[in-house]
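J.: This is what each chain is made of:
There are 2 protein chains.
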Amino acid sequence: MNVEFNKAQISELEKRYRVQLINSLSGFKSANLVGTKSADGVTNLAIVSSVFHLGASPALMGMIIRPDSVPRDTLTNIKETGVYTLNHVGRSFYKQAHQTSARYKPNQSEFNEVGLDEYYIDDFYAPFVSQSALKIGLNVQQITPLSINNTVLVIGEIIYIAIEENALCEDGYVDIEALDTVALSGLDSYHTSARIARLSYAKVNEPITELAIGKKGKTA
Amino acid sequence: MNVEFNKAQISELEKRYRVQLINSLSGFKSANLVGTKSADGVTNLAIVSSVFHLGASPALMGMIIRPDSVPRDTLTNIKETGVYTLNHVGRSFYKQAHQTSARYKPNQSEFNEVGLDEYYIDDFYAPFVSQSALKIGLNVQQITPLSINNTVLVIGEIIYIAIEENALCEDGYVDIEALDTVALSGLDSYHTSARIARLSYAKVNEPITELAIGKKGKTA
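These protein sequence lines are chains A and B, in that order. Residue numbers for the first sequence follow this note's numbering, beginning at 12 and rising by one. Residue numbers for the second sequence follow this note's numbering, beginning at 12 and rising by one.
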């Protein structure tokens, strides 16, 4: 039995109900912490569920920022400094990650407020999250306001990756399930995962096969 | 123990290895089938992992299309007809969904080729996937080429939603886990999920609490 909503019914929904409903529709979402630091040295950390793969060569990621909602400082810091980090949210600290969405003041660091640790690499200004098992450093490439609803598309080039060794497979696939990376649904639901299978590259007139997860360890 | 890659090392990776690695970094991804129909009536179905929430009012979703890769017909059909559907990939048909990425000819319908059924609603040209427990109908709003790597950002307004009733919670959250919606990681790994918790709205100086999943059934 289906519940249906048409365009008029969607527009008439009570605001908070509509926000919960529409946020649930895209499917499972990535859970990442964006790490930045202002030009005058205040670090910032914000959970985002809108990070997506954009391309492998060059290695690009996109994310959507809502200027009116919590991660205001994130966008300011990226514009000021040109760099940011993305850090997978793990099961052991998902509540601290969620807490970064509270409205802390610009002079407060979410790292301190929620109890996560800053981690730095040489010659890169933005802070990583020490607790995260998959850390990515990015140089911002484009900041594009989307006129349709005043969100902002931020595109960055990946210039640094750190992954726990036991999750990297011989073909380059990262077993993010082994990292305890969580998934999000809706605004506030956190999930662990269980692999069904890796599937072979699909070809016309050839049956799909299930792939082995692959040997672990850096081989390229 | 971490494996690290810097910018030079990333650019020197063997191509297929780099594609697997970079596609793994964003975290868990949504798994949706895009349904379209050409102006002369050939239906098309393509799996996409790049669908993301863009806004609730108006209700907007974004997705990234790679013109050079498989879903060529998808973009052509959206441009020609202005409409498309998104359909959550469920555990019971994830292999058929994956098979849609094979390079079928423009006059072949992936629905027929992989064995999924078309479903239509009145006055909406694009086909839904009958087997999907969460179906979304969209009117295209913007098609924006991203000059940085020749991908295309497609933004659509949600004008129809159908959800299995037992998954819709009283606050508007959709329990997509109850729908057996799968998540993707990397290029080819499919996952089911297990909820850790729903968390309360984060506030400064207030502890986060775990929320009940909520009563099911349409209440707004």
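Quick caveat, the hints were computed from the structure, so don't treat them as lab data. Using N, Cα and C, we set each Cβ at its ideal position, and we do this for glycine too. Wrong hints could be hidden among the right ones.
[What the hints assert, rightly or not] Here chain A is said to cover these stretches of chain B; the calculated rule only asks that three of the stretch's residues, wherever they fall, bring their Cβ under 8 Å from a Cβ of chain A:
hint : stretch
1    : 44–57
2    : 83–96
3    : 107–114
4    : 156–166
5    : 212–223
[Said to hold, decoys possible] Taking CB as the label site, the calculated pair distances span:
hint : chain 1 : residue 1 : chain 2 : residue 2 : range
6    : B       : Leu222    : A       : Asn160    : 25 to 35 Å
7    : A       : Asn160    : B       : Glu23     : 32 to 42 Å
8    : A       : Pro218    : B       : Asn118    : 48 to 58 Å
J.: Now, for every hint given, state plainly whether the structure supports it.
T.: Hints, verified against the model:
no.	hint	result
1	44–57	violated (count 0)
2	83–96	violated (count 0)
3	107–114	holds (count 6)
4	156–166	holds (count 6)
5	212–223	holds (count 7)
6	B:Leu222 - A:Asn160: 25 to 35 Å	holds (27 Å)
7	A:Asn160 - B:Glu23: 32 to 42 Å	holds (40 Å)
8	A:Pro218 - B:Asn118: 48 to 58 Å	violated (23 Å)
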